[in-house]
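Residue numbers (my numbering), protein chains in the order written: chain A, 156 to 300; chain B, 973 to 1082.
In short, the hints are calculated from the structure, not lab data.
Among the hints, a few may not be true.
[Claimed, not checked] Below, in silico cross-link-like pairs of lysine-lysine (PhoX-like), each with a Cα-Cα straight-line distance of 25 Å or less:
hint, chain 1, residue 1, chain 2, residue 2
1, A, 250, B, 1009
2, B, 1071, A, 246
3, A, 204, B, 1004
4, B, 982, A, 204
5, A, 246, B, 1009
6, B, 1048, A, 250
7, B, 1035, B, 1001
8, B, 1035, A, 246
9, A, 196, B, 1029
10, B, 1057, A, 250
11, A, 204, B, 1080
12, B, 1029, A, 246
13, B, 1001, A, 244
14, B, 1009, A, 200
15, A, 204, B, 1035
16, B, 1009, A, 204
17, A, 204, B, 1071
18, B, 982, A, 246
19, A, 246, B, 1057
20, A, 244, B, 1029
21, B, 1065, A, 246
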Amino acid sequence: MFRSLTNLSKTSIVSNTLLRKVLTNNLRYASTVTNTESTPKKLWKITLKRSTIGLHPQTRENARVLGLKRCGHVVYRPVTNELAGIIIKVKEIIKLELVDRVDPPKTGAPSGFEVIGRLNSRIASGSKAAKPLLPLRAKGGTAIN
Amino acid sequence: MFGSFVGAFKPSLVAFGGRAWRIPWRMSKTRKANVRKRLREVDSVIDTLMASGVQCKQLDLIKDMPRESEMLPRDKYTTFSRTAKNHRKSVHKVPHFTKRPIPRTTPKSF
Chain A
156 MFRSLTNLSK TSIVSNTLLR KVLTNNLRYA STVTNTESTP KKLWKITLKR STIGLHPQTR
216 ENARVLGLKR CGHVVYRPVT NELAGIIIKV KEIIKLELVD RVDPPKTGAP SGFEVIGRLN
276 SRIASGSKAA KPLLPLRAKG GTAIN
Chain B
973 MFGSFVGAFK PSLVAFGGRA WRIPWRMSKT RKANVRKRLR EVDSVIDTLM ASGVQCKQLD
1033 LIKDMPRESE MLPRDKYTTF SRTAKNHRKS VHKVPHFTKR PIPRTTPKSF
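Go ahead and model the full structure; you've got the sequences and the hints to work with.
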């Protein structure tokens, strides 16, 4: 049972907890970044371009230590001498960029509908008597039928 | 090309060394182009590391490596091999050569 939404801009079906988890995981390392023109860029944006399958176990460990979990995984790490050495060990399988700040996670476009009820819960209750469908409602609460 | 004498229910040819698919002794043009592309991508990673201003022993060792444009073709598409004839073999014979570090220079006189 779906209700179409005429005003799409007000709806955002993105979990706040998911946003928070993704942001804090990267911002933990970006806490020292200040957004001024004079300071040099402080973060590396590392993307795992090739998987670590078939590589030396130490190379796989280096990728794990950088936080890279799967192909295409993007990770933000501070610019330090220690991490530079680790990045050199995995330089063949990563893409490296110097950035100022963590990119915000992409939120999906609103889907255009909102679920207001489930058909299965009506069938599971077992009653054969015809139950009235939930009245169709346009956004704003006015009944259509 | 290989459809008539290879297949699920056909024995593989002895001339192929028991393999189902022949491994060509040389790389095609597209394969070589991809080798060059990957070398350039590693070059850009090293450039980013240099630009970020870190100091690192490993970085000192690799920053003097030749770039893709400075490499000889035999260094790009072949590697040193202890066992092969003339101590050279094509780089595509190295397992996982597309994501493994391959030396850009070879031992002197090889």
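These are the hints, each one checked on the structure:
1. A/250 / B/1009: At roughly 13 Å apart (the allowed maximum being 25 Å), residue 1009 of chain B and residue 250 of chain A satisfy the hint.
2. B/1071 / A/246: With Cα atoms ~9 Å apart, residue 1071 of chain B and residue 246 of chain A stay inside 25 Å; holds.
3. A/204 / B/1004: holds, 19 Å
4. B/982 / A/204: violated, 38 Å
5. A/246 / B/1009: holds, 14 Å
6. B/1048 / A/250: Given pair residue 1048 of chain B, residue 250 of chain A holds - Cα atoms ~21 Å apart, limit 25 Å.
7. B/1035 / B/1001: Cα-Cα ~28 Å, so violated.
8. B/1035 / A/246: holds, 13 Å
9. A/196 / B/1029: Distance ~22 Å between residue 196 of chain A and residue 1029 of chain B Cα, so the pair holds.
10. B/1057 / A/250: violated, 36 Å
11. A/204 / B/1080: violated, 33 Å
12. B/1029 / A/246: OK: residue 1029 of chain B and residue 246 of chain A at ~15 Å, within 25 Å.
13. B/1001 / A/244: violated, 29 Å
14. B/1009 / A/200: holds, 21 Å
15. A/204 / B/1035: With a Cα-Cα distance of about 22 Å, the restraint between residue 204 of chain A and residue 1035 of chain B holds, given a limit of 25 Å.
16. B/1009 / A/204: Holds - the C-alpha atoms of residue 204 of chain A and residue 1009 of chain B are around 14 Å apart, at most 25 Å.
17. A/204 / B/1071: OK: residue 204 of chain A and residue 1071 of chain B at ~10 Å, within 25 Å.
18. B/982 / A/246: violated, 42 Å
19. A/246 / B/1057: Given pair residue 246 of chain A, residue 1057 of chain B is violated - Cα atoms ~31 Å apart, limit 25 Å.
20. A/244 / B/1029: holds, 12 Å
21. B/1065 / A/246: Holds: residue 1065 of chain B and residue 246 of chain A sit about 21 Å apart, inside 25 Å.
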